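Peer 1: Here are the chains, one letter per residue:
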Amino acid sequence: MSWQRMAAIMGVVYGIVAILPLFVGDIRFIMQILIICLIWAVVASCWDVIMGFAGIFSFGQVAFFVIGAYTSGIFAVSWQVPAVLAILMAGLFTAGMGVLVGLPCLKLAGPYVALVTFGVHMTLMPLLRGDIGIALGSGGSVGILTIPPITLFGYAFSSANIIPTFYLTLALAVTCSVVILVVINSYWGTAFLALKDSEEFAVSLGISAFKYKLMVFALTSFLTGVVGAYYGHYIGMLSTRMLELDLFVTLMVMLVVGGIGKFPGAILGAFITVTVNELLAPLGSYRAVTMGALVVILVLLLPNGVMGFWLRRSKAGATST
Amino acid sequence: MLKLNHVTKKFGELVAVNDLSFAVEAGQVFGIAGPNGAGKSTVYNLITGFYPFEGEIAFEGRNIAGRQPHEISKLGIARTFQIPQTFPSLTVEQSVGVGNRFGARGRFDPAYVESILAFMELTPVRHEPTGQLSLLDKKRLMMGAALATRPKILMLDEPMAGSNSNEIRSLMESIRRINAEMGITIIIIEHFMKVLTELTSTLLIIETGTKVCMGDPETVVNDPEVIECYLGESYG
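Sequence lines, in order, name chains A and B. Throughout the first sequence, residue numbering follows our numbering, covering 1455 to 1775 in sequence. Throughout the second sequence, residue numbering follows our numbering, covering -12 to 223 in sequence.
Treat the hints as calculated values from the structure; they're not laboratory data. Possibly wrong hints are sitting among the right ones.
Simulated pairs of lysine to aspartate or glutamate, EDC-like, Cα-Cα distance not exceeding 16 Å [unchecked claim]:
| # | chain 1 | residue 1 | chain 2 | residue 2 |
| --- | --- | --- | --- | --- |
| 1 | B | LYS(-10) | B | GLU0 |
| 2 | B | LYS139 | B | GLU154 |
| 3 | B | LYS125 | A | ASP1651 |
| 4 | A | LYS1769 | B | ASP6 |
| 5 | A | LYS1665 | B | GLU58 |
Computed footprint of chain A on chain B, listed as stretches where at least three residues anywhere in the stretch have a Cβ under 8 Å from a Cβ of chain A [said to hold, decoys possible]:
| # | stretch |
| --- | --- |
| 6 | 61 to 73 |
| 7 | 79 to 88 |
| 8 | 100 to 112 |
Note that the structure is predicted; figures quoted are calculated from it, not measured. Backbone N, C-alpha and C define an ideal beta-carbon position, used for all residues, glycine too.
Next comes chain B alone, as it looks inside the complex:
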């Protein structure tokens, strides 16, 4: 469904992503992990059109290199951000509506927005300005607005960061349902290995923009190289 082929991104002398190749299959929950500064969020920015790059990124067989972020959104790739982004001038309902009106193909569908508000448990705060929301609700709002674009792939950037154990459980359940009930492929960047091992079917570890290991989570977390560069000897 999504294929990165020898993708490289340099910022001046710094090589943020180095000849990276991997593929995500339809219906998967695909995890990406690695130390801080490994280039995980940069990979997201390349896929979603925020930065130009060398190499090829193909989505459903089409090369999407050179497309702008708003065009990528219309193709069916949605994302969230590591630092929660909201529209403080808009209400929760309006913000989710933005995704459906501008990002989805076809006409604006208020009933669909309504269903997303309910799905993400945002109905009680639908009329609230987004700036006043709790951290959990801000994350739900970002996911809701992304879902309102009717994506085929949803890319989540550290959705659990700053959350307590109850919130993590709640967000994990939402991600499972998005994947299972809506049939949306998920890519998730996360530092909580427990989340990744429970949610994902394939896990990719990168360090300094280079692939270290990829495979099923159980195999990856026991890989000596992954333990050395990321997890540490005390893991497990």
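Here chain A stands alone, though its shape is the one from the complex:
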């Protein structure tokens, strides 16, 4: 897909989202869902870059999100670092962690990368709940409860000021999405795709697998860390519950629904998944079962997600005319 087409789809999606407060701005519940959609849209897109474009089966995206959230929360609560600075520092710290996790993955094939990165995910909960986490300021099993909101020019962006906070989240999501768009359409993106398709051919043509694989880990964990940190300041509290499987699976569903390697499909996937999940809320305990069944049907009918389906349709349309 050309970058112009990707940009156009992103523009349409974010444009529609931007005008939604005109119609539902006074319905607090919907505004909160939209903010969460925007946050997951970025996390799912980052996961798509590393898995769909670079072909690295990293299962560490939720871990990086939590690392970013806790790092910023600890900086802000324990060391009184201003929220904006804490978010940036959290992003950089998470990028460093991403590189550290990426290093052992360089020599591993797909399933083993998934194991190593999911291992990081699994070790994070006991680490944050245990003595080391408590010493660092994670709050143990209670978590961090008093994370200050982002304050810019004396204005606090919190759930109490939902409309301005929505637009700040939108600005963050658009910025992260534009960064992803630029990267995957630059020579970095070409290197990611070449390494995914045939690593031995790519390296024989001068691409450094070491450099570009670590770059993709650094970039996606930086953006995920920043968004995780932002999430912590928006919600105001953090707990290790985020590391349970619900969020991990939901994010994976977003990716599958949008289409793996079909950016900006992950953005669409986030909005569709969160919306359907909320619409199914009246089903109570049957919600998870219904959602699972819908995902199975969707994967069978649209193996490349909604974006893959749409691209196929538009290509078929162009061929027939």
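Based on these hints, arrange chain B on the given structure of chain A.
Peer 2: Quick look at chain B alone, frame taken from chain A:
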């Protein structure tokens, strides 16, 4: 230009390349042949940095042992693979561009990529995804991407495999032109002896990683040891 000096490669107990020494002169078309499993492709993998080895490989007087494949590419050694490799996510033009952007020293040169597409007769399929190409075009694409790195040596691994006689003639002509018009030294692994005798000025025969015979093709194909271990009595 390229010199292997007592090079040995072991995979556990298996000795894939055994104390192999030979030299390739600038401007040559140098052929390597031998039975399946003789270690021909392993030699390529050693020269291009895919495997570590014992001994010394010198390129333009510099020992290149221990360098990574992407560094070897930047030195001016390019290669193709026995099983055609492509980038299905990229178009033909983008794939050839990969070689120039990442493998060549200096800035990305779209005009050079354009000239390589034309040289390898890939211009008509430049916008096609590489996964949909014919076998011949996939081979041309691999050679084109390798040429886009502006190599001094191009190493071809069984370029004729799976090709019909017309395709073989076409590929041979391309190889001749790469050598003559672009001044690029060629090393070619091939099983078709006719191709090797027509194209190469020096031919090396190896078996079980060991040099059997090296010299001008006419002499090599008449060597009794080569006939016994590789060509067979019926050759000729």
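Peer 1: Each of the hints needs a verdict: does it hold here or not?
Peer 2: So, going through the hints one by one against the coordinates:
1. For the suggested pair LYS(-10) (chain B) and GLU0 (chain B), the alpha carbons sit about 26 Å apart, so the restraint of at most 16 Å is broken.
2. Distance restraint check for LYS139 (chain B) and GLU154 (chain B): the Cα-Cα separation of roughly 25 Å exceeds the 16 Å cut-off, and the hinted pair is therefore not satisfied.
3. Simply put, LYS125 (chain B) and ASP1651 (chain A) have alpha-carbon atoms about 14 Å apart, close enough for the 16 Å limit, and the pair holds.
4. With a C-alpha separation of about 56 Å, the suggested pair LYS1769 (chain A) and ASP6 (chain B) falls outside the 16 Å cut-off, and the hint is violated.
5. Our distance criterion of 16 Å between C-alpha atoms is met by LYS1665 (chain A) and GLU58 (chain B), whose separation comes to about 12 Å.
6. For the stretch 61 to 73 of chain B, the stated coverage by chain A is satisfied: 6 residues place a CB nearer than 8 Å to a CB of that chain, which reaches the threshold of 3.
7. Counting residues of the stretch 79 to 88 of chain B whose beta carbon lies closer than 8 Å to any beta carbon of chain A gives 6, which meets the minimum of three for the stated coverage.
8. Counting residues of the stretch 100 to 112 of chain B whose beta carbon lies closer than 8 Å to any beta carbon of chain A gives 0, which falls below the threshold of three, so the coverage claim is violated.
The structure shown violates the earlier hints numbered 1, 2, 4, 8.
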